[in-house]
Amino acid sequence: MSEPVLKVEKLKKYFPIKRGLFEALTGHPERVVRAVDGINFEIRKQEVFALVGESGCGKSTTGKLIMKLWEPTDGSIYLEGQDVTELKTQEEIRDYRRKVQMIFQDPFSSMNPRFRIYDVLEEPLLIHGIGETRAEREEIIHKALEMVRITPPEDYVGRFPHQLSGGQRQRVAIARSLILNPTFIVADEPVSMLDVSIRAEILELMKELKEKMSVTYLYITHDMSTARYFADYMAIMYLGRIVEMGPAKVVIDNPIHPYTRALLAAVPEPIPERREIIKELPIKGEVPNAANIPPGCRFHPRCIYMEKGLCDVKHPQLIEYEHGHWVECHLAGKI
Amino acid sequence: MTKNILEVKNLKMYYFASRGVVKAVDDLTFNIKKGEVLGLAGESGCGKSSLGFTLMGMPTPPGKIVGGSIKMEGRELVGLPEDVLRKEIRWQKIAMIFQGAMNALNPVYTVGYQMIEPLLYHMGMEREEALDKAQKYLELVGLAPDIVYRYPHELSGGMKQRVIIAMALLLEPELVIADEPTTALDVVVQAQIINLMKKLKKELGLSMIFITHDLSILAEISDRIAIMYAGKIVELGDSKKVYYEPAHPYTQKLLAAIPRLHEDVERLEFIPGQPPNLITPPTGCRFHPRCPYAMEVCREQIPELKEVDKDHYAACWLL
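Order-wise, the sequence lines are chains A and B.
The first sequence maps to residues 1 to 335 in the numbering used here.
The second sequence maps to residues 336 to 654 in the numbering used here.
The hints are simulated quantities; they were obtained by calculation from the structure and are not laboratory data.
Certain hints may be false.
Calculated lysine-lysine pairs in the DSS-like style (CA-CA distance at most 25 Å, straight line) [as the list claims (entries may be wrong)]:
(1) 422(B) - 279(A)
(2) 64(A) - 279(A)
(3) 45(A) - 7(A)
(4) 7(A) - 88(A)
(5) 284(A) - 645(B)
(6) 279(A) - 575(B)
(7) 249(A) - 308(A)
(8) 368(B) - 495(B)
(9) 284(A) - 368(B)
(10) 534(B) - 279(A)
(11) 284(A) - 575(B)
Since we're looking at a predicted model, the values are computed, not measured.
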């Protein structure tokens, strides 16, 4: 087995909540939002690892920690064996950012509206000192645009982002992330704002570039169907923890954790017969506030299988349920 | 044979923008039966939301209805004066759940205050009576009646969307137009809202037009489906027929672009290019520049909706 490209160990990110004057005076302990609360995973070369969950589960926070946009409260992130949290000087961080790039959800706001497409793509080259002359940089930019099928590039470099369609803009964003030849890409909901017909095109493109450029992806999404299509491995997050993890197909076809089952039951599918049924979702209530995480298993208040005296008291551990398929549930295999 | 509750014929609504005339709704004809859900799908900018607003009798300026007819229970709505529309039709006959409406609740008033307003003005109810009715409708959509005393910020996204649905139902309309009622909601909440709408359809015998770009969601609720492309309906029919035997190349491509949850798909299809500009739409079939089967006739003449099967129509020269 090859060494993992990215390895995340006991990663934690807590955000403090500001105390009011009264709370501070009365010596009320500081409260925190536990956005990411001790997660482990690794991603091997040219694999796509999907982080799936509802809003507020900590999946985007994890992405931002990997990008070093935030510093973790605890734990480590290793890229090709090197501990990323140790990088301190500006040079080290710049060097790291060259290897790790990000694709954002919203192609409308991820680009400076006053930059032409040429400037959008030239900026990373200038920052990292790639291409000595303008002619050299222009060649790199044209190549990058051709790679994402924005052709002919000469027609597009002079345009502003608002003159492109959503799909074209997302392709420029992909070109921008690949122009530095990174080893690792964090894609945070890259297709969720696009129309279905364009969504497929972007996913196909990202898949193709994975082979061509030998990049590894962290794919952050709330959409199980695209995760199955695009990802090799997947982890389900709930309130800052990974509750289930394994090969994408295994997790979807044989879900063990009650939360994964509920999520899967909620996914709409293009099967018209389903309109006849009003199905009960195997889940109760709504996601609690991350500042107020329930004791024991954090999913227990919403779980339909909850066992009193066990699930509401004891924190479950992530165990290997079957080869390569990890679950964090006291009742794994019994329900 | 159930009666048609809404009959739309050759409806045209154009936006008279400074750059030119945008033909957002161009010659649409369809009916809705009592208790039926019509799903309306298409890419962004195809005119599906514009159609919703037009049926409510309030096309967004600079939009104007330029032709055709909308008959609600036999009564012609096109050309009715604004005050008649407001007093007799809007919300009482046709209600709409606007896209993103849950974020448009007024933060400084309680939910109850905002809900009873139409009851006070439209129905001339007393405050007490109106609050009672609001509470009854909150229960109907699965919320606790004491929500009337709460402020919008105290509610979660799913709860706010339920409040919006309850508000749309308050004046007991015959037809509800739901414009992307589940976008911006998490999957679990989305499934709960769809379940709620199925329940309301069954219990109240409600007719609905359900607008979304997501064909998976549409399959969960629609009895019949209309696929829109560039201001026109290109396919219309029983949802099973549209999903299993799509006749129009555009519908076929759209369905092949959806990743499946329990199936391995080797390659997803996608539609090259982008929807046309509606000021100068392509001649002939509006889909022809993106269609793999385009022929000479497609570039020259506009195809009409043809019956391909019982209750299944498509507008394509290949048929």
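Comparing the hints with the structure gives:
no.: 1; hint: 422(B) - 279(A); in the structure: 38 Å, violated
no.: 2; hint: 64(A) - 279(A); in the structure: 36 Å, violated
no.: 3; hint: 45(A) - 7(A); in the structure: 11 Å, holds
no.: 4; hint: 7(A) - 88(A); in the structure: 19 Å, holds
no.: 5; hint: 284(A) - 645(B); in the structure: 43 Å, violated
no.: 6; hint: 279(A) - 575(B); in the structure: 19 Å, holds
no.: 7; hint: 249(A) - 308(A); in the structure: 32 Å, violated
no.: 8; hint: 368(B) - 495(B); in the structure: 29 Å, violated
no.: 9; hint: 284(A) - 368(B); in the structure: 35 Å, violated
no.: 10; hint: 534(B) - 279(A); in the structure: 10 Å, holds
no.: 11; hint: 284(A) - 575(B); in the structure: 32 Å, violated
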